[in-house]
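> Residue-level listing of the chains:
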Amino acid sequence: MAEVPKNDEPTDATPNVSEVETVDAETPEEAVAAIEAPVERGEPILQVRNLVKHFPLTQGVIVKRQIGAVKAVDGISFDLYQGETLGIVGESGCGKSTVAKLLMTLEQATAGEVFYKGQDITKLSGRALKAVRRNIQMVFQDPYTSLNPRMTVGDIIGEPFEIHPEVAPKGSRRQKVQDLLDVVGLNPEYINRYPHQFSGGQRQRIGIARGLALNPEIIICDEPVSALDVSVQAQVINLMEKLQDEFNLSYLFIAHDLSIVRHISDRVGVMYLGKMAEIGSDEQIYDHPTHPYTQALLSAVPVPDPEAREGRERIILTGDVPSPANPPSGCRFRTRCWKAQDKCAQEVPLLAIPERFVDQDTPAAHESACHFAEEKDVVHAA
Amino acid sequence: MPEPHEPAEGAVAGTGMGGAMDLAASEATTLAAGEAGAGPGAGPGGGPRGGPSAPARSLWSDAWRDLRRNPVFLVSGLIILFLVLISLWPSAITSGDPLDCDLANAQKGSSPGHPFGFNGQGCDVYTRTVYGARASVTVGVCATLGVAVLGSVLGGLAGFFGGVWDAILSRITDVFFAIPVVLGGLVLLSVVTSNTVWPVIGFMVLLGWPQISRIARGSVITAKQHDYVQAARALGASNARMLLRHIAPNAVAPVIVVATIALGTYIALEATLSYLGVGLKPPTVSWGIDISAASQYIRNAPHMLLWPAGALAVTVLAFIMLGDAVRDALDPKLR
Chain H
0 MAEVPKNDEP TDATPNVSEV ETVDAETPEE AVAAIEAPVE RGEPILQVRN LVKHFPLTQG
60 VIVKRQIGAV KAVDGISFDL YQGETLGIVG ESGCGKSTVA KLLMTLEQAT AGEVFYKGQD
120 ITKLSGRALK AVRRNIQMVF QDPYTSLNPR MTVGDIIGEP FEIHPEVAPK GSRRQKVQDL
180 LDVVGLNPEY INRYPHQFSG GQRQRIGIAR GLALNPEIII CDEPVSALDV SVQAQVINLM
240 EKLQDEFNLS YLFIAHDLSI VRHISDRVGV MYLGKMAEIG SDEQIYDHPT HPYTQALLSA
300 VPVPDPEARE GRERIILTGD VPSPANPPSG CRFRTRCWKA QDKCAQEVPL LAIPERFVDQ
360 DTPAAHESAC HFAEEKDVVH AA
Chain C
0 MPEPHEPAEG AVAGTGMGGA MDLAASEATT LAAGEAGAGP GAGPGGGPRG GPSAPARSLW
60 SDAWRDLRRN PVFLVSGLII LFLVLISLWP SAITSGDPLD CDLANAQKGS SPGHPFGFNG
120 QGCDVYTRTV YGARASVTVG VCATLGVAVL GSVLGGLAGF FGGVWDAILS RITDVFFAIP
180 VVLGGLVLLS VVTSNTVWPV IGFMVLLGWP QISRIARGSV ITAKQHDYVQ AARALGASNA
240 RMLLRHIAPN AVAPVIVVAT IALGTYIALE ATLSYLGVGL KPPTVSWGID ISAASQYIRN
300 APHMLLWPAG ALAVTVLAFI MLGDAVRDAL DPKLR
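One line per chain: the protein sequences are H and C, in this order.
Each residue of the first sequence is one higher than the one before, starting from 0 at the first, in numbering that gives the first Met the number 0.
Each residue of the second sequence is one higher than the one before, starting from 0 at the first, in numbering that gives the first Met the number 0.
Don't take each hint at face value.
Counterexamples of contact, computed for chain C against chain H with all Cβ distances above 12 Å [claimed, not checked]:
no. : residue
1   : Leu58
2   : Leu182
3   : Ala233
With the C-beta cut set under 8 Å, the calculated list includes, among others, these residues of chain H facing chain C [to be verified]:
no. : residue
4   : Ser17
5   : Thr21
6   : Asn134
7   : Met137
8   : Phe139
9   : Thr144
10  : Arg149
11  : Pro159
12  : Ile162
13  : Glu165
14  : Pro168
15  : Lys169
16  : Ser171
17  : Lys175
18  : Ser322
Some but not every residue of chain H turned toward chain C, in silico, with C-beta under 8 Å [said to hold, decoys possible]:
no. : residue
19  : His163
20  : Tyr193
21  : Gly310
22  : Lys342
Calculated directly from the structure, the hints in this document are not laboratory data.
Yeah, the Cβ is synthetic: ideal placement off N, Cα and C, and Gly gets one too.
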């Protein structure tokens, strides 16, 4: 453990993620062929390795000098398997949305790789990137700004076909758009309407239809329901689950609502200040959390049963989230953690199965970036 | 109109954690049931009802359909059409010669055959107002078009691409903003000997584009931050598509407003330059020249000022109304 690096440099603090089988494509044709190859269910389809995004902080009017960086995402690794839903939770500003943008190549990664079927998409351009974009689509958080107010629904959902004309021949596009409207539960007659004529939930369905148009394999959902009413949230979530079965989709589901993430996810990752704190199956995370941050988050989830609520322990964190421009040394969570010791300030905890659980066959044996990981059932505690 | 159908996708399987979800699920089911009852025609298997036969519509076709029914657009369009026609063929509505003047008639009021009276040189005001439309409308329309196109293209590109080009363009606009219009006109136009409207238009475009460029840059920066532009990029859209399909329609409104208001300013600026002797020179006839010449005699002979000034006001009003109508037609929320 002596060689564990300090927090100055973003490092891969995830020692035991699987090796990526990369595909060395010499020509764009080979890259496109690799991107269009099918992936078996349960195989990794998207592999993120030590992904880093630092936004430079500059000073000066004409000659800009970099005086620091906001470390929005600082060394994150995970796998997304074909057909599964990976939930990413964390509080505002922890870098969830930046991860989504990096996976969509809407932002340029500072370092690290994102492998889609063995191709590092952070280094692709031109035709190969376009092929990746066909297969990875996004559903945005705010249905009020993610649809162009000056385009009809038909134009919005039909635009993917205009950009990728090989997907649908010109004559069939209108029919395809109407089919998509039908798939997401909207009346196909609304093709000539404008976004402002729809409610929030209906708009989000339009956004989902646009994401589905190119028949993608992965849909990245950046808080797709947080702008909606609770009742409409359930409708949209159920629709997304139905579509996942129907079209064999893999979801990366980013949210801050723990209940919704549990409902839809097969696996869950918890982010704090640009790093992954804990990752595991939904049962492992929700019923057997070992990272203090996860425990604190879960203890804040509202419990509808008043009697269960009485006996429950609430972990109330003190202080604010430190600035990502100047994160704490060692463990990022140590400034708010009740277990913090000197070791936490000196060593970056690795995202690995805690040593005390390594040989045990318990649900607590999942990856957790804490020096003092221990199980604490905060949800059912009475 | 029945509400769009929200099918019930089956109740959420409530888990221990999901207290909120359980509530939500039951609510959703109730809602869906209620809506299905309210809109019996929108059953899940109903399929497209008359959808395929309806023609595809787009922003532009909808805007045109809207404009054709808008009285403001029709009135302003007719006025502008009339102005264009008399600019091309002024002799169609007057038989006089704008340069046929008799000092004996100087400053005389309206008389039979001369409804607008005479000006300070004894020329017929009606004839001069009709003939003046050509120079004034040409200057106003061409300068506005030039400024709007140059300014919105440069400002829009700077706003969209940002970085070094934006910094360079912003500093260049600062330089142009620092040039006083009248002084710049005196310096630049005094070296031009041509007696056409084009040097004047060129000068106005040269000094006018930074204003539109600033506005276009700002509204492009606002528009490009919206999620729908990111969504288009995520789909693999080219820069040209993002600019033309997504950003331009959402950023053009302020440019239209400022450009149509500026049109009147350009016609007035032409008058100022002509008054200073660097704009249009007699025998060219323009409203600007006549307005500045008549302004000294407003107390003795107001008709000399009012007719060309009224023509200018109507022209500017028509263009502003046209710009307003177009802007509204391009905003689906206002339909």
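> Take the hints in turn and mark each one as holding or not.
Consistency of the hints with the structure:
Here C/Leu58 does not stay apart from chain H, with its beta-carbon only about 5 Å from theirs, under the 12 Å limit. The beta carbon of C/Leu182 sits about 28 Å from the closest Cβ of chain H, which is more than 12 Å, so the claim that it is off the interface holds. For C/Ala233, the shortest C-beta to C-beta distance to chain H comes to about 5 Å, within the 12 Å cut-off, and the non-interface label is violated. The beta carbon of H/Ser17 is not positioned within 8 Å of any beta carbon in chain C (closest approach about 27 Å), and the interface hint is therefore violated.
Taking 8 Å as the C-beta cut-off, the interface hint given for H/Thr21 is violated, the closest approach to chain C being about 23 Å. Interface hint at H/Asn134: violated, since its Cβ lies 11 Å from the closest Cβ of chain C, which is beyond the 8 Å cut-off. Hint status for H/Met137 relative to chain C: holds, with the closest Cβ pair at about 5 Å, below 8 Å. Look at H/Phe139: its Cβ gets to within about 5 Å of chain C, closer than 8 Å, so that hint holds up.
Look at H/Thr144: its Cβ gets to within about 4 Å of chain C, closer than 8 Å, so that hint holds up. Interface restraint check for H/Arg149: the shortest CB-CB distance to chain C comes to about 4 Å, inside 8 Å, so the restraint holds. Here the hint on H/Pro159 is kept, as its CB sits about 5 Å from the closest CB of chain C, short of 8 Å. Of the supplied interface hints, the one on H/Ile162 holds, with its beta-carbon coming within about 5 Å of a beta-carbon of chain C, less than 8 Å.
About 12 Å separates the beta-carbon of H/Glu165 from the nearest beta-carbon of chain C, more than 8 Å, and the hint is not met. Annotation: H/Pro168 was flagged as interfacial toward chain C, and the flag is violated, the nearest CB pair being 15 Å apart, outside 8 Å. Interface restraint check: H/Lys169 against chain C, minimum CB-CB distance 12 Å, threshold 8 Å, status violated. Hint status for H/Ser171 relative to chain C: violated, with the closest Cβ pair at about 11 Å, above 8 Å.
Among the interface hints, the one on H/Lys175 is violated; its C-beta lies about 12 Å from the nearest C-beta in chain C, farther than the 8 Å criterion. Because the smallest distance between the Cβ of H/Ser322 and any Cβ of chain C comes to about 23 Å, over 8 Å, the interface hint for this residue is violated. Restraint check, H/His163 versus chain C: the minimum CB separation of about 7 Å is within 8 Å; hint holds. Taken as an interface hint, H/Tyr193 checks out: its beta carbon lies about 4 Å from the nearest beta carbon of chain C, inside 8 Å.
Restraint check, H/Gly310 versus chain C: the minimum CB separation of about 15 Å is more than 8 Å; hint violated. At about 32 Å, the closest approach between the beta carbon of H/Lys342 and any beta carbon in chain C exceeds 8 Å, and the interface hint on this residue is violated.
The structure fails hints 1, 3, 4, 5, 6, 13, 14, 15, 16, 17, 18, 21 and 22 (numbered hints given earlier, in ascending order).
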